[in-house]
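Novice: Okay, here's what each chain looks like letter by letter:
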Amino acid sequence: MNDSRRQILDMLAQGKITADEAERLLAAVERSPAQEGETVKYLRVLVDANDEHEGPTKVNVRVPMQLLRAGVRLTGIIPARARDQVNDALRKEGIPFDINNLTPQNLEEMVEHLRDLTVDVDNEHAKVRVFCE
Amino acid sequence: MKPEILPPLTATVRVRRAGWRHGVRLWLPLFLIWLLLVPLLILLLPLLFVGALIFGINLWRSLKALKGVLAATHGTHVEVDRGDTKFFIRLH
Numbered sequence: 666m667n668d669s670r671r672q673i674l675d676m677l678a679q680g681k682i683t684a685d686e687a688e689r690l691l692a693a694v695e696r697s698p699a700q701e702g703e704t705v706k707y708l709r710v711l712v713d714a715n716d717e718h719e720g721p722t723k724v725n726v727r728v729p730m731q732l733l734r735a736g737v738r739l740t741g742i743i744p745a746r747a748r749d750q751v752n753d754a755l756r757k758e759g760i761p762f763d764i765n766n767l768t769p770q771n772l773e774e775m776v777e778h779l780r781d782l783t784v785d786v787d788n789e790h791a792k793v794r795v796f797c798e
Numbered sequence: 280m281k282p283e284i285l286p287p288l289t290a291t292v293r294v295r296r297a298g299w300r301h302g303v304r305l306w307l308p309l310f311l312i313w314l315l316l317v318p319l320l321i322l323l324l325p326l327l328f329v330g331a332l333i334f335g336i337n338l339w340r341s342l343k344a345l346k347g348v349l350a351a352t353h354g355t356h357v358e359v360d361r362g363d364t365k366f367f368i369r370l371h
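Residue numbers (our numbering), protein chains in the order written: chain Y, 666 to 798; chain F, 280 to 371.
With the rest of the complex left out, here is chain Y (with noise of 0.2 angstroms):
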C-alpha cells in the first residue's frame, strides 16, 4: 500500500474525512499516471445513415488532432486587418469570439478537454458519434 493510500485510510479512521471523501480521494490517487499524461490523438467521427433514396452508408473518419493544431497556428499568419473583418463577421452572426484569443497555449486547453468529450446524435435517419480517442 503506497503512502497516499495510507493517509487516506488513516484519516479516514481519525474520522477526519468522510467515507465519500475517502472514495474520491482514493480514486484519485488510483488514477494511473499513464492515464493521465496520455494525450489525444485522434478525432473519430462514425456515422451510420439509412437513407431512404441512397441506402445505408457507414463513415468512419479519424483525423488527426495535430491538424487541428496546425490550423490554429495558420490563424497566427493571418493580417491583423483582416483578423478585425473576422471579428466583425463573427459578432454579426451573434458569436462572441475573438480570434486573437485561438493562441496554441489555449488550443491545448480545450484539446486536453476533449478527451472527455463525446457527442452522439441518433435519430431514425442517422446514428452519428464523434469523440476523441
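FYI, nobody ran anything at the bench for these hints, they're computed from the structure.
Some hints here could point you the wrong way.
DEER-style ranges, computed between Cβ atoms [to be verified]:
#1 F/L342 <-> Y/A693: 37 to 47 angstroms
#2 F/L305 <-> Y/L711: 20 to 30 angstroms
#3 F/H371 <-> Y/Q679: 50 to 60 angstroms
#4 F/L305 <-> Y/K723: 15 to 25 angstroms
#5 F/F328 <-> Y/V712: 35 to 45 angstroms
#6 F/E358 <-> Y/D675: 30 to 40 angstroms
#7 F/W299 <-> Y/R689: 56 to 66 angstroms
#8 Y/V694 <-> F/G330: 51 to 61 angstroms
#9 F/I336 <-> Y/E717: 41 to 51 angstroms
#10 F/L332 <-> Y/N752: 23 to 33 angstroms
All C-beta atoms in this analysis are idealised placements derived from N, C-alpha and C, irrespective of residue type, glycine included.
Fit chain F to the known structure of chain Y by using the hints.
Specialist: Structure of chain F alone, referenced to chain Y:
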C-alpha cells in the same frame, strides 16, 4: 504524440464496388508530388514574396504553417461504405 515533420509520403486507397470481382488497392507515392512541387515553389517564391509584402503577410511563417498543416495530415483515415461501394484512404 510526436509531431510529424514531413508531409505524408504515401497513401493507401482501396475501392470496391458491387459486381467487381476484386477491389482496387492502390499505393500512392505522394512524395513524388512533393518532389514536383518543390521546384515549382522555388520558381514562384519571388511572386509569393511580393504578394506577401503587399498583403502584409509573413511569408516564412505562412510557408512554415502550411508545411505544418500538410505534415499534420499523417494518419488521416477515411472510410465510406455505401452498400454497393466501399472506399478507404489512409495517409502515411
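Novice: Against each hint, give a clear statement of whether it holds in the structure.
Specialist: Evaluated hints:
no. : hint                                  : verdict
1   : F/L342 <-> Y/A693: 37 to 47 angstroms : 45 angstroms, holds
2   : F/L305 <-> Y/L711: 20 to 30 angstroms : 24 angstroms, holds
3   : F/H371 <-> Y/Q679: 50 to 60 angstroms : 58 angstroms, holds
4   : F/L305 <-> Y/K723: 15 to 25 angstroms : 21 angstroms, holds
5   : F/F328 <-> Y/V712: 35 to 45 angstroms : 43 angstroms, holds
6   : F/E358 <-> Y/D675: 30 to 40 angstroms : 53 angstroms, violated
7   : F/W299 <-> Y/R689: 56 to 66 angstroms : 57 angstroms, holds
8   : Y/V694 <-> F/G330: 51 to 61 angstroms : 57 angstroms, holds
9   : F/I336 <-> Y/E717: 41 to 51 angstroms : 48 angstroms, holds
10  : F/L332 <-> Y/N752: 23 to 33 angstroms : 25 angstroms, holds
Taken one by one, the earlier hints fail for this structure only at number 6.
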